[in-house]
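**Student:** Residues per chain are reported as follows:
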Amino acid sequence: EPEVTQTPSHQVTQMGQEVILRCVPISNHLYFYWYRQILGQKVEFLVSFYNNEISEKSEIFDDQFSVERPDGSNFTLKIRSTKLEDSAMYFCASSLGDYSTYEQYFGPGTRLTVT
Amino acid sequence: KNEVEQSPQNLTAQEGEFITINCSYSVGISALHWLQQHPGGGIVSLFMLSSGKKKHGRLIATINIQEKHSSLHITASHPRDSAVYICAVCGSRLTFGEGTQLTVNP
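Heads up: the protein sequence lines correspond to chains F and H, in order. Counting from 1, position 103 in the first sequence corresponds to residue 103 in the working numbering; the numbering is continuous, with no gaps. Counting from 1, position 33 in the second sequence corresponds to residue 33 in the working numbering; the numbering is continuous, with no gaps.
A portion of the hints provided could be inaccurate.
Unchecked claim - In silico SDA-like links for lysine to any residue, alpha-carbon gap of 20 Å or less:
| id | chain 1 | residue 1 | chain 2 | residue 2 |
| --- | --- | --- | --- | --- |
| 1 | F | K42 | H | N10 |
| 2 | F | K42 | H | E98 |
| 3 | H | K55 | F | T113 |
| 4 | F | K42 | H | K55 |
| 5 | H | K53 | F | T101 |
| 6 | F | K57 | H | R93 |
| 7 | H | K68 | F | E3 |
| 8 | F | K42 | F | L96 |
| 9 | F | K42 | H | K54 |
| 10 | H | K68 | H | T20 |
| 11 | F | K78 | F | T5 |
| 12 | H | K53 | F | K57 |
| 13 | F | K57 | H | N22 |
| 14 | F | K42 | H | K53 |
| 15 | F | K42 | H | H38 |
| 16 | F | K42 | H | P8 |
| 17 | H | K53 | F | S100 |
| 18 | H | K54 | F | T5 |
| 19 | F | K42 | H | V84 |
| 20 | F | K57 | H | V27 |
Source of the hints: derived by calculation from the structure; they are not laboratory data. Given the structure is predicted, the values throughout are model-derived calculations rather than measurements.
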């Protein structure tokens, strides 16, 4: 069964460093998402991406964040200058259509630790 | 007040029991997702529904759009059902509840 993959599974970085989290969505999916979950808290929406552009973003997704689909298979989340509060599990998801019509398939997550 | 409220927050059951997890929301939505988060953190979609009822194996999900309420039922619960169950509503974006931690004891 096709699945969403994410790399790395765990990333440790120092405050102020840039990190890139990578995701490979399911190949025929058209909608892509990033979510984060701070330890012990609920999952939060960051951004949705369709047709090579951001379709929706949350208040969390400020200028420090960017997303890209550089080559038609990868979907990346970049954090330019990490802060301690960026420490969280980051989940990528993809769906065939938009989230109000189609199920989302989640990747296993990348645990980001900012020290 | 959270846009999505789940109850209970924690639930412990004995194997074989019938489980109900509730989700209430305050915003207008087009659909609702039920998700399962495993102890290792992975998230799996269980249901997406916009009206009525859906069944998959021992799991049943219902939604009442007018009352802004959904329930997830597990029949004949099993220890492998132990996980966090999350309700997420489709408004302008996907908004998640806090989750219900379910523990099923043998």
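**Student:** Decide, hint by hint, whether the structure agrees.
**Tutor:** A quick look at each hint next to the structure:
1. Our distance criterion of 20 Å between C-alpha atoms is met by K42 (chain F) and N10 (chain H), whose separation comes to about 14 Å.
2. For the suggested pair K42 (chain F) and E98 (chain H), the alpha carbons sit about 5 Å apart, so the restraint of at most 20 Å is met.
3. Under the criterion of a C-alpha separation no larger than 20 Å, the hint pairing K55 (chain H) with T113 (chain F) is inconsistent with the structure, at around 39 Å.
4. A threshold of 20 Å between alpha carbons decides the hint, and for K42 (chain F) with K55 (chain H) the separation of about 26 Å lies outside it, so the pair is violated.
5. In summary, the hint linking K53 (chain H) to T101 (chain F) is supported, as the alpha carbons are separated by about 16 Å, within the 20 Å threshold.
6. Proximity of K57 (chain F) to R93 (chain H) is assessed by CA-CA distance (about 8 Å); at most 20 Å being required, the pair is judged to hold.
7. Annotation: proposed proximity of K68 (chain H) to E3 (chain F) is violated, straight-line Cα distance about 32 Å (limit 20 Å).
8. Taken as a hint, the K42 (chain F) and L96 (chain F) pair is broken in the structure, with Cα atoms around 25 Å apart against an allowance of 20 Å.
9. Simply put, K42 (chain F) and K54 (chain H) have alpha-carbon atoms about 25 Å apart, too far for the 20 Å limit, and the pair is violated.
10. Simply put, K68 (chain H) and T20 (chain H) have alpha-carbon atoms about 16 Å apart, close enough for the 20 Å limit, and the pair holds.
11. A C-alpha spacing of about 17 Å is found between K78 (chain F) and T5 (chain F), which places the hinted pair at or below 20 Å, so the restraint holds.
12. Proximity of K53 (chain H) to K57 (chain F) is assessed by CA-CA distance (about 31 Å); at most 20 Å being required, the pair is judged violated.
13. Proximity of K57 (chain F) to N22 (chain H) is assessed by CA-CA distance (about 28 Å); at most 20 Å being required, the pair is judged violated.
14. This hinted pair does not check out: K42 (chain F) and K53 (chain H) have alpha carbons roughly 25 Å apart, beyond 20 Å.
15. At most 20 Å may separate the alpha-carbon atoms for a hinted pair to count; K42 (chain F) and H38 (chain H) meet this at roughly 14 Å.
16. With a C-alpha separation of about 15 Å, the suggested pairing of K42 (chain F) with P8 (chain H) holds against the 20 Å cut-off.
17. Proximity of K53 (chain H) to S100 (chain F) is assessed by CA-CA distance (about 16 Å); at most 20 Å being required, the pair is judged to hold.
18. Proximity of K54 (chain H) to T5 (chain F) is assessed by CA-CA distance (about 28 Å); at most 20 Å being required, the pair is judged violated.
19. Taking the CA atoms of K42 (chain F) and V84 (chain H), the gap is about 11 Å. The hint holds against a cut of 20 Å.
20. At most 20 Å may separate the alpha-carbon atoms for a hinted pair to count; K57 (chain F) and V27 (chain H) meet this at roughly 18 Å.
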